[in-house]
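K.L.:
This is what each chain is made of:
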Amino acid sequence: MEKETKIVFQRPHALLPVVTNYCPGCVHGIVNRLVAETLDELEIEGKTIGVAPVGCSVMSYKFFGCDMIEAAHGRAPAVATGAKRTNPDNIVFAYQGDGDLASIGMAETVHAATRGEHITIIFINNAIYGMTGGQMAPTSLPNQVTQTSPYGRDVSTAGYPVRVCELLSSLDGPAYIERVCCDTPANVRKAKKAIKKAFQYQIDGIGYSFVEVVATCPTNWGMTPQAAFEWRRTNMLPYYPLGVYRDVVAEGYANAAEAAFARAADCPLVTGGGAQ
Amino acid sequence: MAEKVLMKGNEALAESAIRAGCRFFFGYPITPQTELAAYMAKRMPKEGGTYLQAESEIAAINMVYGASACGARVMTSSSSPGVSLKSEGVSYMAGADLPGLIINVQRGGPGLGSIQPSQSDYWQATKALGHGDFQMIVYAPSTVQEMADCAYNAFDVADKYRMPVMILADGMLGQMMEPVVLPEPKTELPEKPWACTGHKFEREHNIANSLYLTAEELDRLNVERFERYEIVKQNEQLAESVMVEDADIVVVAFGASARIARSAVVSARKEGIKAGLIRPITLWPFPTDAIKETLGTAKVYLSVEMNMGQMVDDVRLTVNGQAPVEFFGRTGGVIPSPAEVLSKIEEINGKVGA
Chain A
1 MEKETKIVFQ
11 RPHALLPVVT
21 NYCPGCVHGI
31 VNRLVAETLD
41 ELEIEGKTIG
51 VAPVGCSVMS
61 YKFFGCDMIE
71 AAHGRAPAVA
81 TGAKRTNPDN
91 IVFAYQGDGD
101 LASIGMAETV
111 HAATRGEHIT
121 IIFINNAIYG
131 MTGGQMAPTS
141 LPNQVTQTSP
151 YGRDVSTAGY
161 PVRVCELLSS
171 LDGPAYIERV
181 CCDTPANVRK
191 AKKAIKKAFQ
201 YQIDGIGYSF
211 VEVVATCPTN
221 WGMTPQAAFE
231 WRRTNMLPYY
241 PLGVYRDVVA
251 EGYANAAEAA
261 FARAADCPLV
271 TGGGAQ
Chain B
277 MAEKVLMKGN
287 EALAESAIRA
297 GCRFFFGYPI
307 TPQTELAAYM
317 AKRMPKEGGT
327 YLQAESEIAA
337 INMVYGASAC
347 GARVMTSSSS
357 PGVSLKSEGV
367 SYMAGADLPG
377 LIINVQRGGP
387 GLGSIQPSQS
397 DYWQATKALG
407 HGDFQMIVYA
417 PSTVQEMADC
427 AYNAFDVADK
437 YRMPVMILAD
447 GMLGQMMEPV
457 VLPEPKTELP
467 EKPWACTGHK
477 FEREHNIANS
487 LYLTAEELDR
497 LNVERFERYE
507 IVKQNEQLAE
517 SVMVEDADIV
527 VVAFGASARI
537 ARSAVVSARK
547 EGIKAGLIRP
557 ITLWPFPTDA
567 IKETLGTAKV
577 YLSVEMNMGQ
587 MVDDVRLTVN
597 GQAPVEFFGR
607 TGGVIPSPAE
617 VLSKIEEING
627 KVGA
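For the record, the sequence lines run as chains A and B. Residues in the first sequence are numbered consecutively from 1, following my numbering. Residues in the second sequence are numbered consecutively from 277, following my numbering.
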């Protein structure tokens with residue numbers, strides 16, 4: 001008797017069958033897949049606009065099956081803002097690395113967040129500029145050796161890394177902020193859950209959502225993928241603690257606007273409503 | 277029935293853009309374009325449109341880029357130092373073949389310069405607003421009415437050729453009030469099948485992009501784009517010619533300085549000097565046809581500008597050595613007086629012995 005074949009694993013529809021430019025051991029492939037699975041499961045590929053950054057995922061406009069816009073370096077949140085404002089019924093996400101999001105695009109990042117744009121940002125933090133060959137990033141750790149911090153990041157001259165989730169969680173605009181990792185099957189599942197929740201919040205009109213994925217860069221860290229995973233676990237995770245930094249629904253609010261309103265309860269101009 | 281109203285140039289630009297179907301404005305405060313953004317902030321919500329004050333000029337132009345990629349009729353406005361910041365986004369728009377309107381209400385430069393009227397961004401607008409091989413269509417209105425007319429047509433032209441369009445105004449035109457007949461609101465806007473609106477599983481995914489890692493592919497696209505620019509040069513040149521048929525001295529001036537040059541030319545005629553005026557309305561494409569028509573008759577050309585001599589380069593390229601080309605200009609926000617321009621015409625008239 002023939003056995004019935006059952007598909008248990010396949011390429012998500014929203015991830016096109018093309019060869020990526022990612023290095024062996026790179027985490028982008030995993031996260032690209034998690035985003036694509038989310039678009040499939042929420043059945044939103046047909047109405048989603050993705051914004052690709054400048055960096056290693058610059059070519060992702062060729063990988064994702066939804067409509068895609070390639071942004072200038074750091075400008076993805078501004079481009080995503082223009083896209084979402086034009087067609088509010090579309091689902092809009094930007095996919096950005098640390099140099100793009102937290103250095104050259106920091107103003108766009110902070111202001112899209114504080115405006116509470118109804119967009120989703122997927123942030124890949126691997127503590128280095130990958131595409132340009134391994135320069136110091138805004139998230140490079142103190143004493144981390146890179147091409148442009150050859151003696152290790154000297155905080156007395158190069159300053160300190162930016163913890164983006166913590167920074168954005170001080171703002172009223174965001175509805176959901178979580179930092180995840182994809183170093184183990186369990187953590188990949190958690191990352192998937194966070195990404196899916198981020199898109200769901202946008203669909204439900206709850207507000208701006210942001211997921212940081214603590215990632216690796218074996219090529220520019222000069223390590224095997226296995227050693228890179230270990231280095232991340234030893235050095236990055238203590239500096240960038242995983243967890244939920246903002247979830248207005250879990251806090252008991254319907255959306256970001258309601259949470260912000262409650263936080264400003266003592267300000268009559270805010271609570272009085274209308275222009276004064 | 278079209279209504280005639282008294283408006284500032286900046287407000288006429290804004291109202292006319294709305295009537296042209298523009299529903300998305302992204303900007304950042306700067307003098308002397310202030311009234312334009314303020315007008316948009318007031319009017320856009322009433323029209324169901326979006327006014328968004330961006331965190332920077334850079335963010336504003338990238339919002340324009342994103343909105344345009346999604347099919348919006350969209351614009352931004354600024355003044356000289358702010359326009360410099362927009363240059364990145366404008367280059368990306370050109371590279372991704374995205375339409376949109378950028379308004380520059382010019383002030384004096386370089387640097388922080390002044391907040392007085394100037395035309396010192398001619399080179400920037402026509403030669404190099406951003407990196408890479410590309411052009412924008414650039415309009416140079418010289419009355420409040422023409423501000424309204426240019427804004428009304430700019431979006432259609434931008435959509436037709438899929439390229440960014442600039443209106444190069446200045447602080448004088450932006451702030452002055454004149455009567456203007458406002459156009460009727462446009463009801464039909466062009467389809468944009470290339471726009472990112474969600475593929476709904478009905479087509480391949482659309483991509484707005486300016487990155488090409490294969491040299492031959494980028495080369496081919498640039499050549500194609502310049503073939504399109506040639507069509508623009510043939511179709512879109514605009515200029516006004518005044519008393520040039522028998523003119524010995526042809527003054528070339530645009531925008532605010534053309535208003536002064538016109539007075540000077542009229543005064544010169546009263547003195548018996550055969551002077552005429554060519555007023556480019558498009559700065560790119562430069563109205564070479566209008567100038568070439570005078571090549572057999574004009575003895576000398578005089579470019580009058582509110583800068584140190586920028587458009588004069590294009591006049592010289594067009595005249596191509598067939599007649600001398602002189603220049604008169606004031607900078608820093610100084611508006612030349614008709615008397616100053618007249619004495620330059622008289623001086624030249626003495627030299628050519630007309």
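Source of the hints: derived by calculation from the structure; they are not laboratory data. In this text, a Cβ means the ideal position worked out from N, Cα and C, and glycines have one as well. Be careful, since some hints might not be right.
[Claimed, not checked] Cβ pair distances, simulated, as ranges:
no., chain 1, residue 1, chain 2, residue 2, range
1, B, D495, A, V8, 45 to 51 Å
2, A, D204, B, K318, 30 to 36 Å
3, A, G159, B, K568, 35 to 41 Å
4, B, N511, A, P268, 26 to 32 Å
5, B, T307, A, S169, 35 to 41 Å
6, A, A254, B, Y488, 57 to 63 Å
K.L.:
Does each hint hold? Answer for all of them.
P.N.:
Each hint, compared with the structure:
Between D495 (chain B) and V8 (chain A) the Cβ separation comes to about 46 Å, which falls inside the hinted range of 45 to 51 Å. Evaluation of the 30 to 36 Å hint for D204 (chain A) and K318 (chain B) yields a pass: the beta carbon distance comes to about 32 Å. Distance hint check for G159 (chain A) and K568 (chain B): the Cβ-Cβ separation is about 59 Å, which falls outside the suggested range of 35 to 41 Å. Here the CB-CB span from N511 (chain B) to P268 (chain A) is close to 59 Å, at odds with the stated 26 to 32 Å.
The supplied range of 35 to 41 Å is met by T307 (chain B) and S169 (chain A), whose beta-carbon atoms lie about 36 Å from each other. At about 45 Å, the CB distance of A254 (chain A) to Y488 (chain B) disagrees with the hint of 57 to 63 Å.
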